[in-house]
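Chains A and B, in that order, give the protein sequences. With the working numbering, the residue at position 290 of the first sequence is 290, and numbering never jumps. With the working numbering, the residue at position 167 of the second sequence is 167, and numbering never jumps.
Since the hints were made in silico from the structure, they are not lab data. Any given hint could turn out to be false.
For the chain B half of the interface with chain A, some residues (derived, Cβ under 8 Å), not all of them [as the list claims (entries may be wrong)]:
| id | residue |
| --- | --- |
| 1 | 7 |
| 2 | 10 |
| 3 | 18 |
| 4 | 22 |
| 5 | 93 |
| 6 | 195 |
| 7 | 249 |
| 8 | 252 |
For glycine and all other residues, C-beta sits at the position ideal for the given N, C-alpha and C.
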Amino acid sequence: MRDDLAIRLSSVGIKFRLSLNEGQPLKERRLEALRQLLARRQGRDFWALRDINLEVRRGEILGIIGGNGAGKSTLLKIIAGIYPATAGQVEVKGAVAPLIELGAAFNPELTGAENIFFAGSIYRIPRRVIRQNFDRIVDFAGLRRFIHSPVKNYSTGMFMRLAFSLVIFFEPDIVLIDEVFAVGDEVFQQKSFEKILSFRERGATLLLVSHDLNLIQNIATRCLVLSQGKISYDGSPEGAVRHYQELILRGEGLGQEERPREGREKISPGSVATGVGAEAGLEIGAGERFLAADRSRRWGDRQVEITSVTFVDERGEAKRVFAPGDYFEARIGYVSRLPEAAEEPVFGVAINTIYKMLLYGPNTLAGEVRGKVREKGVVRFIIPQLPLFAGDYLFSAAVYDQSLSHAYDHHEMMYHFRVSSPERKEFGCVRLAHHWLLE
Amino acid sequence: MLKEIVAFRDLLRNLVIIELKLRYRNNVLGFLWTILNPLFYLLILAIVFSQLLRFNIPHYTIFLLSGLTSWMMLQQTIVIATASIVNNQHLIRKVYIPKILFPLSNVLARYVDHLALTVILFLFMIGLKAHFSWSLLLVAVAILLHFFFTLGLSLLTAVAYIRVRDVQQIVAVLFQALFYLTPIIYSVEALPESLRSLFLLNPFYYFVQVFRYPVYYGTPPPADILTVAFIITVLTFAAGLWLFGRKEKYFVFSLS
Chain A
1 MRDDLAIRLS
11 SVGIKFRLSL
21 NEGQPLKERR
31 LEALRQLLAR
41 RQGRDFWALR
51 DINLEVRRGE
61 ILGIIGGNGA
71 GKSTLLKIIA
81 GIYPATAGQV
91 EVKGAVAPLI
101 ELGAAFNPEL
111 TGAENIFFAG
121 SIYRIPRRVI
131 RQNFDRIVDF
141 AGLRRFIHSP
151 VKNYSTGMFM
161 RLAFSLVIFF
171 EPDIVLIDEV
181 FAVGDEVFQQ
191 KSFEKILSFR
201 ERGATLLLVS
211 HDLNLIQNIA
221 TRCLVLSQGK
231 ISYDGSPEGA
241 VRHYQELILR
251 GEGLGQEERP
261 REGREKISPG
271 SVATGVGAEA
281 GLEIGAGERF
291 LAADRSRRWG
301 DRQVEITSVT
311 FVDERGEAKR
321 VFAPGDYFEA
331 RIGYVSRLPE
341 AAEEPVFGVA
351 INTIYKMLLY
361 GPNTLAGEVR
371 GKVREKGVVR
381 FIIPQLPLFA
391 GDYLFSAAVY
401 DQSLSHAYDH
411 HEMMYHFRVS
421 SPERKEFGCV
431 RLAHHWLLE
Chain B
1 MLKEIVAFRD
11 LLRNLVIIEL
21 KLRYRNNVLG
31 FLWTILNPLF
41 YLLILAIVFS
51 QLLRFNIPHY
61 TIFLLSGLTS
71 WMMLQQTIVI
81 ATASIVNNQH
91 LIRKVYIPKI
101 LFPLSNVLAR
111 YVDHLALTVI
121 LFLFMIGLKA
131 HFSWSLLLVA
141 VAILLHFFFT
151 LGLSLLTAVA
161 YIRVRDVQQI
171 VAVLFQALFY
181 LTPIIYSVEA
191 LPESLRSLFL
201 LNPFYYFVQV
211 FRYPVYYGTP
221 PPADILTVAF
231 IITVLTFAAG
241 LWLFGRKEKY
251 FVFSLS
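Please construct the entire structure, taking both the sequences and the accompanying hints into account.
Printed below as a string of structure tokens:
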């Protein structure tokens with residue numbers, strides 16, 4: 001491998017085996033399990049990734065985007081060494097910090113302090129280094145008071161902060177990030193984010209899987225689009241986002257059809273492992289799996305699925321930072337699997353402050369709507385003049401049935417945009433139409 | 001594999017410590033239970049078998065306890081280490097760790113217990129004024145043989161358990177049966193001559209004998225028994241390493 005490379009994959013592919021019997025009654029499944037044991041090769045093979053050629057130079061920030069099930073997380077897991085490649089060659093140079101699931105290495109029974117040492121040894125940080133950095137890790141996480149309580153008593157936020165702080169002080173050469181920033185409060189996110197970006201100065205390489213196209217455009221130096229297990233674009237982040245949006249419009253940005261939709265969410269731990277169906281199920285889009293730890297952020301049965309959310313200006317160019325009074329548009333890509341006769345789904349959005357206060361939550365049932373919901377397309381939510389003042393805002397997008405009681409796909413505060421203004425003569429976060437009369 | 005174990009030695013150490021530490025964390029007596037548990041176990045069995053069931057064996061208590069100690073090393077280790085991969089599936093699915101660390105740490109933690117048990121056995125010997133001889137040093141060799149044999153066997157059962165979860169039940173039942181098929185509470189001599197050769201088919205027989213000879217008889221184990229135990233250990237350990245090494249990459253696909 002060339003000296004300037006951190007990662008090289010040549011013709012890498014990975015094959016999962018889907019078991020045929022997901023969703024069958026337990027009794028039949030047992031018989032099936034027995035048969036499979038005897039017959040060995042049963043079930044359909046399915047390539048989650050195929051023919052991946054990729055060279056990542058040191059110091060690159062590589063974004064990876066693609067629909068759910070396109071193989072993004074699987075790619076990271078192969079690089080991390082969690083999955084073996086079925087075909088091809090994987091070469092990785094340097095210490096890898098897989099932030100695929102933060103806190104995965106933690107043992108809930110151990111205290112925070114014990115976990116720092118335990119998880120540290122999983123990432124092969126020498127004990128001496130951990131001891132030297134111990135106080136800084138604890139302070140960065142802001143957990144000094146709780147560091148000697150078992151982490152099972154921590155809130156999700158505390159848990160994540162501890163996990164994150166540990167990795168930050170471990171100074172890895174390669175960081176694999178899978179939608180990490182969907183968790184933690186905004187202040188901590190910002191703090192960690194800056195820290196991670198600072199890794200680049202030391203020549204660290206970052207791979208970042210995200211559904212947040214704005215984030216990718218802001219920080220990545222290069223971006224891949226994965227589609228149906230293959231690299232369908234490799235180049236500039238702007239080009240990648242454009243390519244990805246085209247894919248969505250054509251309905252190709254999605255994962256592979258073969259994946260069983262049942263058995264995705266619940267995989268009974270006690271059941272006989274009948275092959276790899278369950279594993280393929282685990283290969284849910286990064287965000288989703290990550291959100292399993294924090295389910296409150298995304299839910300719904302995905303009959304209509306929100307595949308992307310981007311913020312753009314009037315020329316349609318992606319943007320994350322707006323000024324008060326700017327044209328603001330949120331583009332919500334979706335795919336509908338509803339039968340023809342079904343009622344039209346209702347799209348809604350919400351804007352919250354970072355303190356989680358709801359500012360406004362309109363939907364297509366109540367507002368002025370032009371156009372019709374199709375099998376796939378983009379919903380454009382337009383505010384001609386953004387009445388918000390400087391600050392950070394969290395954006396939710398959701399699609400429900402007509403009664404608004406059944407969620408197809410709800411992304412709760414999963415997106416973030418910022419409003420900045422050089423000067424401030426008015427106060428608050430939202431501008432209310434008004435005038436003054438002095439008498 | 002060895003290189004990886006060395007690279008992850010801190011983790012191995014932590015896994016062993018955690019297992020020992022968490023077991024009795026919420027108990028008032030804490031780590032003391034590691035000693036108390038086997039102490040009471042041996043005490044109860046010693047009383048039950050030496051007072052109620054009277055076998056015609058001199059120093060029966062030492063005879064029994066030496067057999068039991070060996071048996072605990074075999075049975076407890078394997079029953080627990082069989083589940084080592086499955087019990088750590090949450091880690092295996094999310095971070096890269098050499099998989100051998102899980103059975104290895106499990107077995108090592110067990111042997112910390114077993115060493116405590118052996119010390120207690122020696123205390124019993126002192127208490128019962130048993131005969132001490134230099135061949136007692138061979139207990140160390142016996143423990144090493146037990147260690148590698150159980151580690152190898154655990155690697156095999158752990159791999160099987162990933163695919164078929166019934167394996168743990170099967171192992172547990174087998175051990176219950178084997179307890180009586182191995183001369184632990186009785187001696188080989190108690191049986192009719194025609195049956196004695198059947199023991200030679202039971203691999204556990206050799207390990208119990210290797211342990212019992214220096215403790216109870218105060219002599220080194222007969223060369224043939226020691227040789228067979230050694231061969232079984234090498235073969236089992238090699239088979240375990242081979243199978244485990246071949247399959248470990250794919251564990252992640254069978255865990256859910």
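Q. Is the interface hint for residue 93(B) satisfied, with its Cβ closer than 8 Å to some Cβ of chain A?
A. holds (7 Å)
(Q) Using the nearest Cβ pair, does residue 249(B) come within less than 8 Å of chain A? (A) holds (4 Å)
(Q) Using the nearest Cβ pair, does residue 195(B) come within less than 8 Å of chain A? (A) Given a least distance of 36 Å, the restraint on residue 195(B) is violated.
Q.
Is the interface hint satisfied for residue 10(B)? The criterion is a beta-carbon contact with chain A at less than 8 Å.
A. Interface hint status for residue 10(B): holds (4 Å vs cutoff 8 Å).
Q. With a cut-off of 8 Å, does the beta carbon of residue 7(B) approach a beta carbon of chain A closely enough for the hint to hold?
A. holds (7 Å)
Q | chain A contact restraint on residue 252(B) - CB to CB distance below 8 Å | A | OK, holds: residue 252(B) within 8 Å of chain A, min 6 Å.
**Q.** Restraint check, 8 Å cut-off on beta carbons, for residue 22(B) near chain A
**A.** With Cβ-Cβ at 5 Å, under 8 Å, it holds.
Q.
Let's test the interface hint: is any C-beta of chain A closer than 8 Å to that of residue 18(B)?
A. It holds, given that the least Cβ distance between residue 18(B) and chain A is near 6 Å, below 8 Å.
Hint compliance for this structure: hint 6 is the single one not met.
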